[in-house]
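Visitor: Listed below, chain by chain, are the residues.
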Amino acid sequence: MHGLIARTLQCFLQDTYGYAAWQDIARRARFEAAEFEAMLDYDMVTVEQVLDGAVVHLGKPREVILEDIGTYLITHSNNEGLRRLMRYGGVDFIEFLHSLEDLPGRAQLAVADLDLPVLELGDDSPGAFVLACQAGQRSLPGFGYVLVGVLRAMADDYGALVILDHRGILEEAEIIGITVVETDFAEGRDFDLAAAPALRREAAS
Amino acid sequence: MILPSDTLDALCPMHMHIGADGGVRRMGPTLRKLMEGAAGEGAQFAEMMDVFRPRRVGTVPDLLALSGRRLQLRLCRGSQMVLKGLAMPDGQGGVIVNMSFGIAVVDAVREHALTSTDFAVTDLAIDMLYLVEAKSAAFEASRTLNRRLQGAMLAAEQRAYTDTLTGLRNRRALDHVLQRLLLEGGNFALLHIDLDYFKQVNDTHGHAAGDRVLQAVARVMLELTRKDDTVARIGGDEFVILLVGLTDRVRLSALAEQLIHRIERPIPVEDVECRVSASIGIAFGAPKTGARPGAEELMERADSALYRAKRQGRAQHAFDEPTPVEDLR
Numbered sequence: 001m002h003g004l005i006a007r008t009l010q011c012f013l014q015d016t017y018g019y020a021a022w023q024d025i026a027r028r029a030r031f032e033a034a035e036f037e038a039m040l041d042y043d044m045v046t047v048e049q050v051l052d053g054a055v056v057h058l059g060k061p062r063e064v065i066l067e068d069i070g071t072y073l074i075t076h077s078n079n080e081g082l083r084r085l086m087r088y089g090g091v092d093f094i095e096f097l098h099s100l101e102d103l104p105g106r107a108q109l110a111v112a113d114l115d116l117p118v119l120e121l122g123d124d125s126p127g128a129f130v131l132a133c134q135a136g137q138r139s140l141p142g143f144g145y146v147l148v149g150v151l152r153a154m155a156d157d158y159g160a161l162v163i164l165d166h167r168g169i170l171e172e173a174e175i176i177g178i179t180v181v182e183t184d185f186a187e188g189r190d191f192d193l194a195a196a197p198a199l200r201r202e203a204a205s
Numbered sequence: 001m002i003l004p005s006d007t008l009d010a011l012c013p014m015h016m017h018i019g020a021d022g023g024v025r026r027m028g029p030t031l032r033k034l035m036e037g038a039a040g041e042g043a044q045f046a047e048m049m050d051v052f053r054p055r056r057v058g059t060v061p062d063l064l065a066l067s068g069r070r071l072q073l074r075l076c077r078g079s080q081m082v083l084k085g086l087a088m089p090d091g092q093g094g095v096i097v098n099m100s101f102g103i104a105v106v107d108a109v110r111e112h113a114l115t116s117t118d119f120a121v122t123d124l125a126i127d128m129l130y131l132v133e134a135k136s137a138a139f140e141a142s143r144t145l146n147r148r149l150q151g152a153m154l155a156a157e158q159r160a161y162t163d164t165l166t167g168l169r170n171r172r173a174l175d176h177v178l179q180r181l182l183l184e185g186g187n188f189a190l191l192h193i194d195l196d197y198f199k200q201v202n203d204t205h206g207h208a209a210g211d212r213v214l215q216a217v218a219r220v221m222l223e224l225t226r227k228d229d230t231v232a233r234i235g236g237d238e239f240v241i242l243l244v245g246l247t248d249r250v251r252l253s254a255l256a257e258q259l260i261h262r263i264e265r266p267i268p269v270e271d272v273e274c275r276v277s278a279s280i281g282i283a284f285g286a287p288k289t290g291a292r293p294g295a296e297e298l299m300e301r302a303d304s305a306l307y308r309a310k311r312q313g314r315a316q317h318a319f320d321e322p323t324p325v326e327d328l329r
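Sequence order for the protein chains is A and B.
full-length UniProt numbering puts the first residue of the first sequence at 1, with every later residue one more than the last.
full-length UniProt numbering puts the first residue of the second sequence at 1, with every later residue one more than the last.
It is possible that some hints are incorrect.
Unchecked claim - Not the full set, but computed from the structure, chain A residues with beta-carbon under 10 Å of chain B: (1) Gly89; (2) Val91; (3) Ile94; (4) Pro141; (5) Leu193.
Everything labelled a hint here was simulated from the structure, so no lab data went into it.
All residues carry an ideal CB built from backbone N, CA and C; glycine is no exception.
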């Protein structure tokens, strides 16, 4: 599994519950390296064990933790760069939804060996969408819950009012129902193309 | 066929429509933004933009002659940025010049606070901006890993070259420095130091006391040598000091005596005082006579000098080469 995903899990636990909690979870999972590196590969088993460790340590269901990770990815200030990348998907939430199928390809443009699940968007009726998330062999089962968290946070980011529900698994794909009630329900967050991310400045120095 | 202006604006937000008389008929919304409000429509196109490649053009026929070619031009108003351009006839004697930022798009977006609506939806500019940001993030992650690995490598190297008890260099580090000095060919002195009465300290007061003595001796050696000298512990109570460029026998003798003198000071360990002394053998990297020794031979020479020092009754130092008579004068 790609280190970026493993590292995300670690950063989420650290940033949300503190470093001590992370160390405890890593110990519980018998994860000896104690730190995931974003640019290395890890055994799926190792990442699964850490996630199991988090379930026990936090006393929260796996699905809830996964969804929280999705929200964290978009809303935490440490991930501003990622939020910006997601906002490139479109000028409003509907356009963003329509760009979701491109997401794995876009991710691979940046990190060639990052395998994200295949996404397929269908629309039932105006404003009602169904997103099928087909995780490959190398993806974490339950990725759909992460996606629910991401979508919920992105809806907030665009200022859209949406209803999301994870409908379980159909033919090996996780199914997410998305109902867009209103696209400009609230003031969204800014997305300024010109706001050069801090990352770029650091990398240049 | 002439297109409705809204259509042209949407398809080519950075176009300039020039009439047969050279007057600017219309500019796309993004181009207007770049001109920063400078009056456009009605002016002569040559006042608005300066086409300088493949050659300078000032008239509509000149521009038409370059249709289909890649143009480089500079806006004369507003940002005055350099753009890529393509000029094609409008079918009515005029020209439509469509423009693009090329790779300068990242800077252009920042300078003019452009948004995605300033680009045609078919334009790859937004995808390029996305890619630049995504690649920067990925690259930064890579660099972070590299920095961490480098830090870990330096720490591991440091550990591999350090004697953990005293913090001095170890045998491996000494071999490394010695090889380098011999290769460089300059002269240097090698002091082989062996503690006297150390075994008694160990036997009487235990190993912990022995360790404290070794640490105290190491401190003395560091204090009496220069920053660039190499001080290494190469065995239980055996040390080697490499002194680069210092080959003056008088100064070396003085240093050796000072080392012995300081090492002989009682070392308090808990409630006892431990006393040791030292014998020192000194050899040179570039001896006055004979061929340059290899690392092994040099160590042997220092070792036999040390042996002589010990035989002279300990707490002494001896040189590998007998002191030439002229040096004594």
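Visitor: So, as I understand it, the hint says leucine 193(A) touches chain B; can you test that by seeing if any CB pair is closer than 10 Å?
Guide: Result: holds, 5 Å to nearest chain B Cβ.
Visitor: Would you settle whether the hint for glycine 89(A) is holds or violated, based on the nearest Cβ-Cβ distance to chain B being less than 10 Å?
Guide: Since the shortest Cβ distance to chain B is 9 Å, the answer is holds.
Visitor: Holds or violated: proline 141(A) as interface residue toward chain B, Cβ cutoff 10 Å?
Guide: 25 Å, violated
Visitor: Hint validation: valine 91(A) versus chain B, beta carbon distance must be below 10 Å. Holds or violated?
Guide: Holds - the Cβ of valine 91(A) comes within 10 Å of chain B, reaching about 6 Å at its closest.
Visitor: Let me know if the C-beta of isoleucine 94(A) comes in closer than 10 Å to any C-beta of chain B, holds or violated.
Guide: 14 Å, violated
The structure fails hints 3 and 4 (numbered hints given earlier, in ascending order).
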